[in-house]
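K.L.:
Each chain is listed here by its residues.
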Amino acid sequence: MRPLEWFVIVSMISLAIAVFELTRRRHLKEDYSLLWLFACVVVLTVTLWRGILFYLTSLLGVGNFTIVPVVVIGAILLLVINLHFSVKVSKQSEQIQKLAEEVAILKYKRDVETTRFHKINTEERKNERYE
Amino acid sequence: MKVEAAHSRVRSNKEGNIEAELQKARILVIIPAYNEENNIQHTIKEIKEKASYVDILVVNDGSTDRTNEIAMNNGVKVANQPFNMGIGAAVQTGFKIASEEGYDIAIQIDADGQHNPSYIPKLCEPILHGDADVVIGSRYKKKSEYRTSFVRLSGIKFFSWLTSLIIKQKITDTTSGLRALNKDAYSLFSEEYPTDFPDAEAIILLGYRGFRISEIPIEMRNRSGGISFFSIPKLLYYPFKNLLAIVCTVLRERRRQIK
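The listed protein sequences correspond, in order, to chains A and B. Counted from 1, the first sequence has number 81 at position 77 by this note's numbering; the numbering is strictly sequential. Counted from 1, the second sequence has number 153 at position 134 by this note's numbering; the numbering is strictly sequential.
Honestly, I wouldn't trust all of these hints.
[As the list claims (entries may be wrong)] Residues from chain B that face chain A, not an exhaustive set, calculated with beta carbons under 7 angstroms: (1) N99; (2) K141; (3) C267.
[What the hints assert, rightly or not] Within a straight-line C-alpha distance of at most 25 angstroms, the following computed BS3-like cross-link-like pairs (lysine-lysine) qualify: (4) B:K161 with A:K102; (5) B:K160 with A:K111; (6) B:K96 with A:K113; (7) B:K187 with B:K43; (8) B:K64 with B:K96; (9) B:K162 with B:K202; (10) B:K161 with A:K113; (11) B:K67 with A:K123; (12) A:K123 with B:K96; (13) B:K161 with B:K187; (14) B:K176 with B:K187; (15) B:K161 with B:K189; (16) A:K113 with B:K202; (17) A:K113 with A:K123; (18) B:K162 with B:K187; (19) A:K95 with B:K253; (20) B:K260 with A:K92; (21) B:K69 with A:K102; (22) A:K113 with B:K67; (23) B:K278 with B:K187; (24) B:K278 with B:K253; (25) B:K67 with B:K202; (26) A:K102 with A:K113; (27) B:K160 with B:K141; (28) B:K260 with A:K95; (29) B:K69 with B:K187; (30) B:K141 with B:K69; (31) B:K96 with B:K69; (32) A:K111 with B:K162; (33) B:K160 with B:K189; (34) B:K67 with B:K96; (35) B:K187 with A:K102; (36) B:K189 with B:K260; (37) B:K69 with B:K43.
Bear in mind the hints are in silico, worked out from the structure with no lab data behind them. Where a beta carbon is used, it is the ideal one built from N, C-alpha and C, also for glycine.
Between the sequences and the hints, there should be enough to build the whole structure, so can you do that?
P.N.:
Here it is in structure tokens:
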């Protein structure tokens, strides 16, 4: 195997471990981590299973490989940025849920108070009438 | 003859007691509802008929139909979530309200009328007697008439088996939507609760935190209105997500215990 392949394999495995650890620490929601783990599996499969890679190369007609390092660097950057966003999105969706629950509870309390107020009001009016 | 008579007297006495205890206890039935305008009225009426001693709270999970209006007209408590967030969030809102209003027991029940409210006393009994903290209505504890697809059934069986293995207690139905929880248990869930599929993971969490879980056998009716099915993407996604969530919960709780 060539160095690039080793590099891809090692980085994908460490990515999977990182994703798992983030999930365990609740920095990443399971939904997103599943996507990330799926991506790792796809990249690993393509790397280890050379036939499919050769097929894709011939399909695209890419004979010249000098572009590869550029693509690799770009991919790593995107990867890190994306993982960062996944973590952010996880945190925010949790915060949004908390807020929405809070809103529901506050509205509920307001309704309860309003009905109680109305009840007291009507009862007072009734009493006044009797007096 | 004498013994039998004594027996039946004891039993009726016990039943009388449970009836009185149910009247005394403060029980909140939480109905998470998303676009259930066709079923919600019937469900509420049935609960009122068969369990007049409970308070009912409908948590409307951002429905786009008349669920809210119908629930309001039926004289029950209604909490409206601003948008749809999944059943887990709806139930959690219910637990939070139960906690603020100081209920002794919170019961979760489906809005579509698949659960028979006459199980409510049986669900509450172990909690009122202090024998359990959480009571689950299980479709598979006894041979049940309830039919579901093979794939779904094997999923339920697998996750129940895994849950039983982890918490070292036989659990037969982790996906049941009919549960009763005492104050301590629902207070935990008002803090930590999974959003979209509150299943095996939640039960494992309860197990690790030392809550006593018990199951009662229930018969579940087949759906009257609408169809419930698992779409293909969900079918591929759900088991893996659930598995990942379980592994993470176990690791988190283990670490917590060491600390």
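K.L.:
Hint by hint, say whether it matches the structure.
P.N.:
Outcome of the hint check:
no. : hint               : result
1   : N99                : holds, 6 angstroms
2   : K141               : violated, 29 angstroms
3   : C267               : holds, 5 angstroms
4   : B:K161 with A:K102 : violated, 38 angstroms
5   : B:K160 with A:K111 : violated, 40 angstroms
6   : B:K96 with A:K113  : holds, 10 angstroms
7   : B:K187 with B:K43  : violated, 34 angstroms
8   : B:K64 with B:K96   : holds, 14 angstroms
9   : B:K162 with B:K202 : violated, 31 angstroms
10  : B:K161 with A:K113 : violated, 41 angstroms
11  : B:K67 with A:K123  : holds, 23 angstroms
12  : A:K123 with B:K96  : holds, 16 angstroms
13  : B:K161 with B:K187 : holds, 20 angstroms
14  : B:K176 with B:K187 : holds, 16 angstroms
15  : B:K161 with B:K189 : holds, 13 angstroms
16  : A:K113 with B:K202 : holds, 20 angstroms
17  : A:K113 with A:K123 : holds, 15 angstroms
18  : B:K162 with B:K187 : holds, 23 angstroms
19  : A:K95 with B:K253  : holds, 23 angstroms
20  : B:K260 with A:K92  : holds, 19 angstroms
21  : B:K69 with A:K102  : violated, 34 angstroms
22  : A:K113 with B:K67  : holds, 22 angstroms
23  : B:K278 with B:K187 : holds, 22 angstroms
24  : B:K278 with B:K253 : violated, 37 angstroms
25  : B:K67 with B:K202  : holds, 22 angstroms
26  : A:K102 with A:K113 : holds, 16 angstroms
27  : B:K160 with B:K141 : holds, 14 angstroms
28  : B:K260 with A:K95  : holds, 18 angstroms
29  : B:K69 with B:K187  : violated, 35 angstroms
30  : B:K141 with B:K69  : holds, 12 angstroms
31  : B:K96 with B:K69   : holds, 18 angstroms
32  : A:K111 with B:K162 : violated, 43 angstroms
33  : B:K160 with B:K189 : holds, 10 angstroms
34  : B:K67 with B:K96   : holds, 13 angstroms
35  : B:K187 with A:K102 : violated, 32 angstroms
36  : B:K189 with B:K260 : holds, 23 angstroms
37  : B:K69 with B:K43   : holds, 16 angstroms
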